[in-house]
Amino acid sequence: MGRNEDIRVVLEDLLKMEDVQACLLTGRQTGTITPGSGTKLKNLVLWKLIMDSSHKFFPVIEDFYIYGLKRLYFELGDYEIIMTFLDQFTALLVVIPSLVNRGLVEVEIENSKRTIKEIIGRQK
Amino acid sequence: MKDLKVCVATSRQWKGTEAAAELWSKIKKEVPNPKFILLFATIDYKNEFKDILSHLTLEFRNTQLVGGTVAGFINHDGCYTRGATALAVDYPNMDVAVGIGHNTKRNPEKAGLECAKQIKEGLKSSKWKNKFLFTFIAGTEIPKMPGMGGGVIKSGAMTKLVKGGMRVSQFLMQKSVGREEDVLDQITRELPDYGMIHGSTIDNVKMGKNYQFCGAEILTNSAVCLGITTDLNFDSDFGNGAKSNTKFDITEISKNNQIISRINGKPAPSEFSRLLKKPEDLIFDSKYYNKRFPYFPCGMFQGDRLLLRAFVFVMSDSMLSMSKMHKGDIFTVSITGKNMIESVKDTLSSMDKKPEFGFASECAIRLMTLGSDIEKVRDNMKAFFKDKPFLVIYVAGEGVKKPNHEYFYMNESLAVTLFRR
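Here the protein sequences come in this chain order: A and B.
So the first sequence is residues 6 to 129, counted in our numbering.
So the second sequence is residues 143 to 563, counted in our numbering.
Some hints could be false.
To be verified - DSS-like mimics (lysine-lysine), calculated; alpha carbons at most 25 Å apart, straight line: (1) B:K188 with A:K75; (2) B:K351 with A:K45; (3) A:K47 with B:K429; (4) B:K524 with B:K487; (5) B:K433 with A:K45; (6) B:K518 with B:K496; (7) B:K351 with A:K21; (8) B:K480 with A:K45; (9) B:K408 with B:K389; (10) A:K75 with B:K296.
Read the hints as simulated data drawn from the structure, not as lab findings.
The whole structure should be built from the sequences, with the hints applied where relevant.
Written out as structure tokens, the structure is:
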């Protein structure tokens with residue numbers, strides 16, 4: 006499998022978690038990679054907006070990354086968006102319902118982040 | 143001293159047969175004929191338990207297996223909130239027996255006695271003097287009722303409905319508080335000379351449904367125990383990193399010692415928020431309550447040890463503790479993420495003897511509070527155990543006991559047992 010396919014498998018595993026409603030990898034070099042099965046979000050307009058706009062955060066992220074920026078959290082209506090940074094150019098974005106226990110999901114986000122970093126590292 | 147073989151294996155395969163095969167191959171390589179296996183899985187695998195258990199018990203026909211569902215686990219492989227893990231042990235100077243008790247929420251005393259009886263019977267002819275119990279008991283399951291989301295109910299009418307509903311559901315559906323202490327009271331009374339480590343089974347902290355495993359059996363509302371007699375030594379301790387602050391009195395509490403209605407003679411929620419010097423609307427905001435409640439448990443002393451109780455549910459006039467309040471002084475408690483992590487180091491160093499392997503039950507609340515920083519707990523574990531195997535499971539309540547001592551039952555804590563020669 007190619008790099009993007011390997012990453013898709015990791016994202017698919019993450020999406021299988023009950024509380025994960027959507028996830029994607031976004032980055033300057035990787036582009037946007039989504040799980041093969043898409044999203045559990047019912048609002049597809051919102052999902053498209055998230056996919057199309059996630060890269061717009063990078064100019065801000067790059068400024069703060071050198072100061073140790075690891076994660077960004079957004080509350081968006083009934084959802085929470087967690088952006089975890091692999092480096093200043095690449096982020097794993099996960100959408101969860103706003104009332105769930107974020108800590109448990111974060112453990113698996115961290116595992117996915119590490120696996121994706123390994124995959125990207127292998128390809129360099 | 144004869145050969146002690148220990149293996150902690152992990153699988154992240156989604157299919158039960160594949161997860162079982164991965165666990166089996168890892169265990170088989172290091173412990174070909176284990177005396178016992180402790181098996182834990184996250185609730186994501188609920189449709190796969192049957193395959194996992196039937197395959198493992200088929201491959202390890204002479205091995206006793208117990209376990210259940212957990213919110214997550216950490217070991218040398220990593221930190222996980224999705225997956226399955228097993229601790230397998232073989233040692234010639236060891237006898238093992240299992241006990242099962244049913245209907246823990248309807249008749250916990252009977253369940254405890256059933257367990258203890260089977261352990262006693264199974265180990266009656268053993269010549270080994272050191273006795274130890276692993277106990278895993280069904281934890282709290284909150285029945286689904288309207289208006290119960292977020293852990294806060296502000297309506298008085300809904301509070302009455304929920305309180306009444308929970309009493310009914312406890313008996314009829316066995317959906318309610320776990321009653322683990324009522325089970326453990328019986329087990330420890332019947333088996334006083336056993337050391338013990340306990341974990342209450344849980345799902346992904348939604349408190350919907352949790353399972354216990356014994357052999358190939360998948361159980362609910364049950365207690366499963368593994369008793370061992372051996373010439374191995376063991377040390378157990380616990381820690382939480384909390385500091386007690388303001389003393390207060392519980393002036394009205396339910397029969398089961400878990401629903402607190404009045405503190406210092408005043409309605410519990412408003413008086414508790416006054417003691418914490420926080421606005422009631424802020425700490426009991428349903429949107430954030432699930433994220434905030436771990437930071438304000440209360441504490442009480444058993445001897446000189448501070449035990450924590452978390453309020454998982456707040457109603458208009460009362461607060462539900464995850465486990466029983468004891469008589470005596472009660473305190474507000476402060477705890478930080480940093481203190482939680484430091485307490486792991488402190489607990490391990492309090493038993494500064496080099497172990498062969500270790501097993502720990504840690505509160506799932508700490509896992510949800512620390513999130514990915516749980517890696518720092520693993521770092522502390524790895525630094526202590528070095529190349530020796532260890533397994534930490536994340537549970538709804540944890541307990542620990544030294545032989546011929548009373549047991550401690552905690553929330554928001556880490557209970558550890560180290561096994562050594």
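Which earlier hints turn out false for this structure, listed by number in ascending order?
1, 8, 10
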